Amino acid sequence: MIAFAVAVVANTDFVIILLTFIFALVLGKSLQGRILHAIEHSWVAIPVLFSLGIFNTFSKGSPDAIITTFQLLGFTVNVYQEGLRFFAMIMLRGICAVLIITTFTSSMTMQEFVDGLRDIHLPETMVSLVMLILRYAPLIFEEAATVRTAQTLRGLHLGTKKSRFAAAAAMLGMIFIRSYDRGLALYEAMSLRGFKSKIQFRKTGLQKKEYVLLATCIVLCIAIWIIIELWLPIDIESYIITWIWRSISGLLSGSRV
Amino acid sequence: MDYSVAVEFKDVSFQYQHGSKGFLMEDLSFLIPQGTKFAIAGPNGAGKTTLLKLIVGLNVPSSGEIRVFNKTVSKETIDEIRREVGFVFQNPDNQVFATTVYEDVAFGPRNLGLPENEVEEIVYDALMKMGMEEWKDYSPFNLSFGQKKRVAIAGVLAMDPKMLIFDEPFANLDLPTTIALIKLLNEIIQEKELAILFASHDQRFHKWSENLLVLNRGKMIFCGTTVEGMQNQMVKDALGDLSELDELL
Chain A
9 MIAFAVAVVA
19 NTDFVIILLT
29 FIFALVLGKS
39 LQGRILHAIE
49 HSWVAIPVLF
59 SLGIFNTFSK
69 GSPDAIITTF
79 QLLGFTVNVY
89 QEGLRFFAMI
99 MLRGICAVLI
109 ITTFTSSMTM
119 QEFVDGLRDI
129 HLPETMVSLV
139 MLILRYAPLI
149 FEEAATVRTA
159 QTLRGLHLGT
169 KKSRFAAAAA
179 MLGMIFIRSY
189 DRGLALYEAM
199 SLRGFKSKIQ
209 FRKTGLQKKE
219 YVLLATCIVL
229 CIAIWIIIEL
239 WLPIDIESYI
249 ITWIWRSISG
259 LLSGSRV
Chain B
4 MDYSVAVEFK
14 DVSFQYQHGS
24 KGFLMEDLSF
34 LIPQGTKFAI
44 AGPNGAGKTT
54 LLKLIVGLNV
64 PSSGEIRVFN
74 KTVSKETIDE
84 IRREVGFVFQ
94 NPDNQVFATT
104 VYEDVAFGPR
114 NLGLPENEVE
124 EIVYDALMKM
134 GMEEWKDYSP
144 FNLSFGQKKR
154 VAIAGVLAMD
164 PKMLIFDEPF
174 ANLDLPTTIA
184 LIKLLNEIIQ
194 EKELAILFAS
204 HDQRFHKWSE
214 NLLVLNRGKM
224 IFCGTTVEGM
234 QNQMVKDALG
244 DLSELDELL
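One line per chain: the protein sequences are A and B, in this order. Here the first sequence stands for residues 9 to 265, where the numbers follow this note's numbering. Here the second sequence stands for residues 4 to 252, where the numbers follow this note's numbering.
Looking at chain A on its own, in the form it has when it is part of the complex:
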């Protein structure tokens, strides 16, 4: 899963990103109907990606490759071809990566996720940390909710910014102290069961059929990429950029010159 997400983010070729994304979703048990669940939980990333990428459209590129110019709040804004491409890339990469991670994590148990991290040979310390975070993050959220309820029941008013800030600071302090105490107690409990410095995990590894599946996917990816690059009559990249530009210009049509 991480490998797919990294492949999506590290690539600059639209076709490869899309292919990686499609195969990742197929491999990620998306056929079990989890893809809808993933989309549902990924949409929050879109505004973040949009605000990260949109400024490139107006600032990145050479002056002789300006697509269009418009007025915004008295300023002249240029839309650069390179910037638009970069923006499209950020959106595509981000959405694909978020969707891949959400699909995979929503279709597997915490233990499968931890085992997967070990299968790709992540350092044991990092895997142990992820495991502890997965186990204790919900507890910390629960504690935060309990503290907030206790504060509210004792008449906390969150009307002003000052009172919100004070309440959040008090809660953070409380959560920090509780987490510290819990960490200490957990270490004691683990050391009593023979923990030295490393959590011993069950020995796992990729199964033979998983290697076959992975190899098939890679071969298929390469084959489709060759077909698209050599024989497909349309340029997917231009197609995507044109589509994004049409969407943006539709949004900005009111202020265009």
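I should point out that these hints are in silico values taken from the structure, not numbers from a laboratory. Among the clues, some could well be false.
Stated by the list, open to error - Keeping only pairs whose Cα atoms sit at most 30 Å apart, straight-line, the calculated BS3-like set for lysine-lysine is:
no. : chain 1 : residue 1 : chain 2 : residue 2
1   : A       : K206      : B       : K56
2   : A       : K204      : B       : K165
3   : B       : K132      : B       : K195
Said to hold, decoys possible - Not everything, but these chain A residues come out facing chain B in the computed CB check (under 10 Å):
no. : residue
4   : V122
5   : R126
6   : E150
7   : L200
8   : G202
Given the structure is predicted, the values throughout are model-derived calculations rather than measurements. Where is the CB? At the ideal position from N, CA and C, for every residue including glycine.
Given the structure of chain A, go ahead and fit chain B onto it with the hints provided.
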């Protein structure tokens, strides 16, 4: 080796300073016979948990000697002692840390370096004993407090200890869960002939033990049979009188 005595305290003192607060435990001497149930009682802050932690080396005495299964508690012997003594904490969330019940119970046996097939056998056995085998693939987060407590006990049983230490074993448990847990523990104790040491401020559970030690502000005010202890006036003064509560309710 003489295993008739599980734990022996000889003139043990312990003190710590935490900010402006200090705590002192002085000259504790007592024996816990193997194969018996031994209760540590006392009001809040009496030093019950501190005493339990001394046995497994989580606290270090400032003077005196603690012997567990004929071994003096020290840096050299602590690993061996911890293999023989299982410790179940009051809050199972501080003990059950893995992402599944199975993985948590397997943690101890894996640390002993046992092969995976043997680990699996031990884990299933421990989960069966605690009636939790159906929950092996669940995340501890999805379990109730009582179930987490059982998983914590299974994790300790998987180490095949000679003695079990419980810190407030029945705190925060409802009555049916408490009854079920006591029945399970009774079966395990009978089968394995374990020594049980538990700390509880709740007098209802003291009669579960044969022997009782009562602490108050770090001082031992009683050590003897539970039957005698429950009649002792000093113990009643320190722990409170249950009949007084009955009158009020």
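Exercise for review: Compare the structure with the hints numbered earlier in the document and write down the numbers of the violated ones, lowest to highest.
Suggested key: 5
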